[in-house]
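Let the hints inform the model, and build the full structure from the sequences given.
Chains A and B, in that order, are what the protein sequence lines are. Residues in the first sequence are numbered consecutively from -1, following the working numbering. Residues in the second sequence are numbered consecutively from 267, following the working numbering.
According to the in silico footprint, chain B covers these stretches of chain A (three or more CB under 8 Å from chain B):
hint : region
1    : 20 to 33
2    : 36 to 50
3    : 61 to 71
4    : 74 to 87
Sample of chain A residues lacking proximity to chain B, with all beta carbon distances greater than 10 Å (derived):
hint : residue
5    : G7
6    : Q8
7    : L92
8    : E99
9    : V117
10   : V128
Note that these hints are calculated values from the structure, not bench results. Glycine residues also receive a C-beta, built at the ideal position from the N, C-alpha and C atoms.
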Amino acid sequence: MNTKTIPVGQEIPLSTKTAFTPIEQDARNPIHTDDYAQKQGLRGALVPGSTLLSYMLEMLYNTFGERWLTGGKIKVNFIGGGAVNGDHITAHGLVKSIEKEETGERFTLDLWMENEGGVKIMVGEATCLV
Amino acid sequence: MSLESDFEAIPIGFDLGEWEMVLDEETVHAYGERMQWQNRDLSEKLGFAPPGISINMHPRMQFAKFTSLKSAIWAKSEHEFLKPFKMGAKIRIRGRIVDKYIKRGRFYKVAEFETLDEKGEVIMRSRETGINVE
Chain A
-1 MNTKTIPVGQ EIPLSTKTAF TPIEQDARNP IHTDDYAQKQ GLRGALVPGS TLLSYMLEML
59 YNTFGERWLT GGKIKVNFIG GGAVNGDHIT AHGLVKSIEK EETGERFTLD LWMENEGGVK
119 IMVGEATCLV
Chain B
267 MSLESDFEAI PIGFDLGEWE MVLDEETVHA YGERMQWQNR DLSEKLGFAP PGISINMHPR
327 MQFAKFTSLK SAIWAKSEHE FLKPFKMGAK IRIRGRIVDK YIKRGRFYKV AEFETLDEKG
387 EVIMRSRETG INVE
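Have a look at this one:
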């Protein structure tokens, strides 16, 4: 997509998915099984953080294209109890600044991911030189 | 051994070893399906795997070393993409523990990883903070 059309203060096209990961009862990390996760006070088997991160990375690739592959940076915190299978989650990115550099413009975005209840499950920041 | 004593025994600088991953078509396709990656042009036209395809190896590397650790969750995740993950390439991932701390009764450990291509050039740098649950 053409990033020139995205000014400061505007969101990049969001990405919505139904969170899903196969549940394996013998998972090495039992936080990804319902019984264990519920004993830890969670709603159910946690969708791995790497899966949620991948949803976010796809949104950023769709915006920045190959530039993301050779200069994208992302930093996120996992919060809000995470996601379980079936949660409808949306990744957001809001352009916070665009600064000129020698070889292009550096976009800085506030990132967040929320579930259908509006609970944020990931917050952070990304930058990309375009 | 308890969660606390196991945590105390982890040395800063602990080597998590080096793992390999081949980005063959089957692996990339399976990853794309599992992650609901809808943009097929990346692999089919450009010949690249989705960025971060190797990130889910990082917790596996830790569980392989910390055999008494039953469960952990991610708290923070940070990545810098330097070069594309080329389809067909054999990549290497190496990691080490760089910090650990206890906050509000929770046991945090921080690990850094480098992912390298076949030439030995770093294609992704990562820093992840996890919480040992049990």
